[in-house]
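Student: In case you want the letters, here they are:
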Amino acid sequence: MKCDACKEREATVHDNAISGGKIVERHLCEACAAKLGVAPSAEAGAAEAVSAMLSGMAGSGKTVASRCPGCGLAFATFKSGGLLGCAECYRAFEAQLAPMLERYHEGGDRHTGKVPRRAGPPSAPPTPTATTPAPPASPPPPARPRVGEREKQIAVLRGQLAAAITSEQYEKAARIRDELKALGDPNLQGPGAGGAGGGGRS
Amino acid sequence: MSQLPPSPFSQRVRDGAAWLSGAGPESDVVISSRVRLARNLCGLPFVNRATPDDLGEVAKRVRGRAEALGAKGLAGGERGAGEACDRLWVDVHTLSALDRQLLVERHLISKELSKGDTPRGLIVSLPDERLSVMVNEEDHLRIQAVLPGLCLDEAWKVADRADDELEAGLDFAFHERFGYLTACPTNVGLGLRMSVMLHLPGLRLTGDIEKARRAAKDMSLTVRGFYGEGSEALGDLYQISNQTTLGKPEDAIHRELAAEIIPQVIQFERAARARLLQKRRSSLEDGVYRALGVLRACRLLTPEEALSLLSMVRLGVLMGLVTGVSEQAVNQLIVLTQPSHLQRLIGEEMDQQRRREARADLVRERLRGV
Chain A
1 MKCDACKERE
11 ATVHDNAISG
21 GKIVERHLCE
31 ACAAKLGVAP
41 SAEAGAAEAV
51 SAMLSGMAGS
61 GKTVASRCPG
71 CGLAFATFKS
81 GGLLGCAECY
91 RAFEAQLAPM
101 LERYHEGGDR
111 HTGKVPRRAG
121 PPSAPPTPTA
131 TTPAPPASPP
141 PPARPRVGER
151 EKQIAVLRGQ
161 LAAAITSEQY
171 EKAARIRDEL
181 KALGDPNLQG
191 PGAGGAGGGG
201 RS
Chain B
1001 MSQLPPSPFS
1011 QRVRDGAAWL
1021 SGAGPESDVV
1031 ISSRVRLARN
1041 LCGLPFVNRA
1051 TPDDLGEVAK
1061 RVRGRAEALG
1071 AKGLAGGERG
1081 AGEACDRLWV
1091 DVHTLSALDR
1101 QLLVERHLIS
1111 KELSKGDTPR
1121 GLIVSLPDER
1131 LSVMVNEEDH
1141 LRIQAVLPGL
1151 CLDEAWKVAD
1161 RADDELEAGL
1171 DFAFHERFGY
1181 LTACPTNVGL
1191 GLRMSVMLHL
1201 PGLRLTGDIE
1211 KARRAAKDMS
1221 LTVRGFYGEG
1231 SEALGDLYQI
1241 SNQTTLGKPE
1251 DAIHRELAAE
1261 IIPQVIQFER
1271 AARARLLQKR
1281 RSSLEDGVYR
1291 ALGVLRACRL
1301 LTPEEALSLL
1311 SMVRLGVLMG
1321 LVTGVSEQAV
1331 NQLIVLTQPS
1341 HLQRLIGEEM
1351 DQQRRREARA
1361 DLVRERLRGV
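One line per chain: the protein sequences are A and B, in this order.
Each residue of the first sequence is one higher than the one before, counting from 1 in the numbering used here.
Each residue of the second sequence is one higher than the one before, counting from 1001 in the numbering used here.
Be aware that one or more of the hints could be misleading.
Below are the DSSO-like pairs computed for lysine-lysine, each with C-alpha atoms no more than 30 Å apart in a straight line [unchecked claim]:
no., chain 1, residue 1, chain 2, residue 2
1, A, Lys79, B, Lys1111
2, B, Lys1217, A, Lys79
3, B, Lys1157, B, Lys1111
4, A, Lys172, B, Lys1217
5, B, Lys1211, B, Lys1279
6, A, Lys172, B, Lys1060
7, B, Lys1157, A, Lys172
8, B, Lys1115, A, Lys79
Covered by chain B, according to a simulated footprint, are these stretches of chain A (three or more residues, beta-carbon under 8 Å) [said to hold, decoys possible]:
no., region
9, 73–86
10, 104–116
Worth flagging that the hints you see were computed from the coordinates, not collected in a lab.
Computed from a predicted model, the values in this text were never measured in an experiment.
Glycine included, C-beta positions come from ideal geometry on N, C-alpha and C.
Construct the complete structure from the given sequences, taking the supplied hints into account.
Tutor: Given below as structure tokens:
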């Protein structure tokens, strides 16, 4: 069997992913599998796919990864060890993790609270070069106002509010609305808006 | 027995630990308050998937940032800087087993961080030790603030500020939906654990401790022993902390613990103590005086027995049954009777039998009374 990706080399890696609630088989050569971050173990991939189907995690239309392209951690290894391998794991396994997290955190499915000052996509790490053996005594970074933090929190909370209303969790929705009011969400300003501050950090 | 070489913490041992000072609000029941934030650096695998080189890189970046800030910048800047900076960073993997254990006993590092020889570090604010950062534990950074008494708000401010200061020079892994990313998904979101250490001998003596434990679990709180995860409640010391970290802001968790749950536990414990005094005074006194008698007369003492007897003496002091012994003296013995503290205090490496003798000597001396 030829590789699905390059159509040239012999396929030796057989991977199962879930897409749209269906198992999608991929047959790849080792080089393409490595490029695509696919597990070189057919059994592991299939077992995870089936397990994900059984636990009702599939069907979102998103592809369910069996291995993190960032650090190579297999989802099965995470399930037995309980630890993720890198930040990328959260993206790779998002579909599987989301319901687990919601269960563990008692309905909490989205972050609310502090966000890093460095809002926006992570910048390239300031990697010291080999010619600077000691940690660089870098000058203190310029003070950055928390521009955008409030807006970011409001955006996150609005998402949560919508989700709570859709799932008919009205008490939760009321709590979120109060937090939005306290943050001064312009959408909620009007008669009765405001009230005791609650959105600030303790 | 061989003399111990000096260590960064030799000088600090004699006075015990600041979080055991007995100061702070509600200190009859609440020993200390702790706030921990878990953070990871962008672009490097989490500790469990990292190579020693990756871990070295994490340590280098965090150390660089901490040294650029200095102790003042990191820990709040309220104290004089004279003593502050020289011991800011500790390479934990280069310490002797005894000194690693000493840091565990002071609750500055976890048992997990104390084991292993890959690059791992500790940042600690001196002289008060109220801020510490474990580097390369389960997460790249574990920022912790510990204060005596019920002081979660102040502990939060200290940890939050250190987080801001570190983050201004380091990129922390953050996801728009899941928040701060941590190796264990049970910490994801806020990466926050707020916990209080409680002394609950009254609830144990009235037989209500299990009820309190179950009630706390029903409220999604985690109850642990003196040394955290998996440890027993030695000396009637318990830690109660939040379990969930996703979907609630920091102030909601703080409010639940500091304004709702902990005050209730404090009230239960005080009611249990009052009930004991009223209805079972002679057996309470018997327990307290027997404990004091043993501690003032014994010649060999294990750390477990010391903690359990000290718990009764502390209860006696707080209830006015024991005079001439201060609450602080009893509190500090909780940490000074631990194996590494004892050896550092005496300045000798000792085998178990010698430690038992030295522990009994120390306790007799400190509880001599009037």
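Student: For each hint given before, does the structure comply? Return the numbers of the non-compliant ones in rising order.
Tutor: The structure breaks only hint 6.
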